[in-house]
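A.B. asks: In order, the protein sequence lines correspond to chains A, B and C.
For the first sequence, the numbering used here begins at 63 and goes up steadily by one.
For the second sequence, the numbering used here begins at -4 and goes up steadily by one.
For the third sequence, the numbering used here begins at 1381 and goes up steadily by one.
In case anyone wonders, no lab produced these hints; they're calculated from the structure.
Fair warning: this is a prediction, and the values are worked out from it, not measured in the lab.
The reader is advised that the hints may include incorrect statements.
[Claimed, not checked] Simulated coverage check for chain C against chain B, where a stretch passes if three residues somewhere in it have a Cβ under 8 Å from a Cβ of chain B: (1) 1485 to 1492; (2) 1525 to 1535.
[As the list claims (entries may be wrong)] Derived Cβ-Cβ restraints for the label pairs, each shown as a range: (3) B/Ala396 / A/Lys222: 49 to 59 Å; (4) C/Gly1472 / B/Glu314: 51 to 61 Å; (5) A/Asn272 / C/Gly1419: 40 to 50 Å.
[Unchecked claim] Chain A residues, not near chain B, derived (Cβ > 12 Å throughout): (6) Val91; (7) Glu195; (8) Ile348.
Just so it is clear, CB atoms sit at the ideal spot from N, CA and C, and this is done for glycine as well.
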Amino acid sequence: MSGTRKTLKAHMGEGIAPVVRLPESDETVTFTIDGWEVTAPKGSTILQAALSEGIEIPHFCYHPGLSAAGNCRMCLVQVDGRPKLEPSCIIPAADGMEIVSSAENVTEARKAVMEFLLLNHPLDCPWCDKAGECMLQDNTFEYSSGKTRHRMVKRTYPLKDFSDRLMMFGDRCIKCTRCIRFLREIEGGEEFALYNRGADVDVGTYLEHNLSNNYQGCLADVCPVGSLISKQFLYHSRVFFLEASLGICTGCSAGCNLYVDRYENRVARVRPRPNLDVNDWWMCDIGRYEWDTLLDNRILSPRLKAGEAVDGEKALGTAVEALKTAGDGLAGIVSATATCEEAFLFDSMIRGMGGVTAPWYGPQGRIDPTDKNDFLHRKDPNPNTLGVESILENASTFDDILTRIESGSVTTLFILGADLTDEIAGKLGGVAQIVTITSSESPASVAASLVLPGTIPFEKSGTFVNGDGRLQRFDQALQLPDDALTEIGILSHLITECGTGEPCEDTAEAFAALAGTVTAFKGLSFSTIPTGGTLLQIRGDA
Amino acid sequence: MSADVYRGVENREPILMTPEAVEGLVTLEEYRSKGAGYTALEKALKTMTPEEVHEEVKTSNLRGRGGAGFPAGVKWGFAPKDTGKPTYLVCNGDEGEPGTFKDRWLLRQTPHRLVEGVLITSYAIGCNQAFIYLRQEFDREAVRIRSAIEEARESNLLGKDILGSGWDCEITVFMGAGAYICGEETALLNSIEGKRGMPRVRPPFPAIVGLYGCPTIINNVETLSNIPAIINNGGAWYASYGTEKSTGTRLFSVSGRIANPGVYEVEMGVTWSALLDDLCGGPSREKPFKALYPGGSSTPILKASEIDDVIMTHEAAFELGTFLGSGATIVLDEDDDIVDVVLNLATFYKHESCGQCTPCREGCRWMVEILQRIADGLGTMDDLDLLIDVADHICGNTICAFGDGAAGPVATAVKKFRSEFEARVAVSTARGSE
Amino acid sequence: MALEYSQESRKALDSMRAEYPELRSILIPALKLAMKDHGSLTKESIELAADEAGVSGAVAAGVATFYHNLHTGTIGKHLIMICTTISCQLAGATDVVSRFEELLGITIGETTDDGLISLLAVECLACCGNSPAVQVDYDYFESFQPEQCEAVVESLRAGRHPEGGAGVPGGDPDREAEVGA
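Go ahead and model the full structure; you've got the sequences and the hints to work with.
C.D. replies: Take a look at the structure:
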């Protein structure tokens, strides 16, 4: 056997091999790469098959979510001893093929490609955002001599400012056309093209045209070098100082999988985590760039109605008292942005004390969570509509509860995460006790007699059920202060104090309690939910 | 007066450059009274099945005249039948290889013969819409081709129910917009589709997924112009011209330091001397030949001494490490400086590279930079090896054959005429030490 | 204000549409006609052609900048294109370029101030046997000598197509019909 099997350097996610979508076929082909046997569905290219097996073949223009362009010539391999090297991203694998990827002639061709690519590259890694996750940089280590043989003036391009989200350092561009293919094949707007020809080829929009599409962040993602740069992250941090955790976007009911990259205890950026059942390799700009609205008007400490600060213990005591004294005047409202575990504990607590719970979808009311704005972004702004609904079985509706409030039969109202509207808040005057658990100011917090600070999704772990009924878990990215409680901590405390249930130490225990009760979740445990999520047998709208 | 423009191995008639063609068979009336006059089309439609037409062309072993020399009959066979999609024929008239001008001659002299060839080929491959792609500079030639198409239509040789056969075929003339690379067949297809003329990666091959995603056969103007004669006289007749592997005759465009530049027809198997000395009258400046590009600027250069007593066939050219290409012979004499010639051509390729794939986009520019400094007397000896190295790194590693055509001749020229390059470098070394 | 095609171009485009299975095939003709009607290709005229062929402005601009006979920079009413590739170069194309530069007072690649004539060096015109080759408004002038430059420039200035071009084979009286389109 020649060569050693290489572990893939992950260009697409820390420590994770690239996600490749192989063709669907009942037939397979078996062939060898440097003597290693590889089996793949018929129709797979050599490169797809190699990557899916964790065998590295260097490449730039190939992206698993886009058509193969074959233009960078980095993935050249020798096929069955043919005299000319062939691009492994183009050639379909066939039974018995013998592929050589590590022989001297192959390495020489790749080194030549690297030399060509670096001729005009500014080599400005020290101040390039991409450094550390740059395919050009990675391959330079293996396929470059470290010495230049050219004596000419480098080609330069002016900086291009496409929008408030994206800019282009054209000097770094290697003309792989991934960005053009993304806009043509995935986003559909064709706002990018190649211009000129030969060594003068340029990429971008035409003249003063500004980008306006909702997927500009993906252009920075697919760029294998530091040419297309997300302005939100520009000069923010070196990527190798970031730590990634697994997240789920809360921007809509699509449930796009994320990496949440944090620097110290702040979120530096979020980026899509490939999931072929949910978001492929993509996420929209609303999810990517507007998550920071979660940080607006944060509530960081408990308070009473008059804006009177109150310490945590006393605040919890007040909440327990409110529950115990509510009698049949108790009602609960839970937002469809709450996690499954939160919704479950909240509903258990309210029902345990004889009350009823209703879901809140936002001022716009319920929107079918399968309705789409485009290929990815959904109309329903809630990440957990189906999760909350499947947990609140036989629940009331918000309108019912509002009717009861207006008739004066609700004395105590608990609100989890819901913002409500000024109009609705105005109708709550007759409710004696309003306890709102939320992370930011809203009509519901203003109307509350007691506000308990909640967390934003990055500060906790949990599960959501997306618009397709897929249960997905996410991990806690940011640390909370030592004395701070998550919603689960608060709810667990209240349940225990009221004597209606067992305490839950963490999300996993809350999930276990949920799985023990709600049919759709039966048999599942938090730690064994696959990273790609799992489809629940629940009633969806579709 | 019609000059001597044909040489055969034996005393046989020319196929394309008949005296009548040289005079011009421009109108339908002329083509009917003095040329084949669509008799081959009539023969094919009335007495032959498409398969029989295809069989004759296979028997003829007619090889593509665009540069690659691939057998046309074999190529036709690659197009799958019964795909439920239309099959297209595209005639490649984007003649642009430096040194080549024989297709322009055919378009000007015998437009109807091309139209007839296109129609017969369409019939053979099951095509009902053919395209003739002409470079934009063939503006006036296009007027003539369009007239020929209209004349043919008026005589029911084109359009619906051609000659009562029940078979329909249309021909559309598509004009390029200035890009040498569109002579590459898949770039040409992209151009017809309204795209940048960038070659496509293969597979899939255009015979299977070509124009508009449909099976497509692309043939050169000269290739298709030979079809009427093959159908009228038979594939075996055509194959009796030339040698076993290089059948028939070929048009050669001869230019450079030659007494009588122009288009000539030679039977495969005659000597280079028969073309360059007998037909073309030898050197133009009383200086001996030094070198030649045998088949166009994309074919590796030969020293004049290398073609002594060599016959003109694909195989003989291959033995010499070069190709007959598109039959464009550019002759240089003792007073021509190889460095300047190579720089001129490298500049052409740098300008015409589509810029799609890395080695060609970056390498063609780099080669010009190196050659320019050598020509300017600023080069070094290391530059000569660097030049060969860059050229070698382009060759074989690109999407299409353009890279080989751009780089192969550069490397060959440096290797064969190293002393001339060294002389230019020596100038710079001398200057550097002043 | 959005640009429009001339009636003549409109008619040409409408008849072209039926010839191609896909609309996009008329992009290159549409760009040429936009150039014919409105001069060098600007953002507006590229968008005009883009709409016609059903593609984005970026795609049309990508095509416009690929083909060197589609001009996005300043371009004159008449084009003098001089082949400077090898065979023409050997035959003295440089002298032809110099003579035209001298007569027009511009250098290669430029357009006269009155916008009448652009002088362009082009790659092989497929006329190597009769070199140097020059094209004036896409009509071939073969074995072109520096002495002929003056007559060409004078004709263009007088609003006439110069004498001596190869024209349409067989001498079609309608030889101006397709100039540049």
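A.B. asks: Determine for every hint whether it applies to the structure shown.
C.D. replies: A quick look at each hint next to the structure:
1. 1485 to 1492: Our answer is that it is violated, as 0 residues pass the Cβ test (under 8 Å) against chain B, missing three.
2. 1525 to 1535: Contact hint for the region 1525 to 1535 of chain C vs chain B: violated, 0 residues under 8 Å.
3. B/Ala396 / A/Lys222: 49 to 59 Å: The hinted range 49 to 59 Å is violated for B/Ala396 and A/Lys222, with Cβ atoms some 34 Å apart.
4. C/Gly1472 / B/Glu314: 51 to 61 Å: 35 Å, violated
5. A/Asn272 / C/Gly1419: 40 to 50 Å: This hint is violated: roughly 26 Å between Cβ atoms.
6. Val91: 15 Å, holds
7. Glu195: Per Cβ check, A/Glu195 is outside 12 Å of chain B; nearest 21 Å; holds.
8. Ile348: Non-interface label on A/Ile348 holds, nearest chain B Cβ at 33 Å vs cutoff 12 Å.
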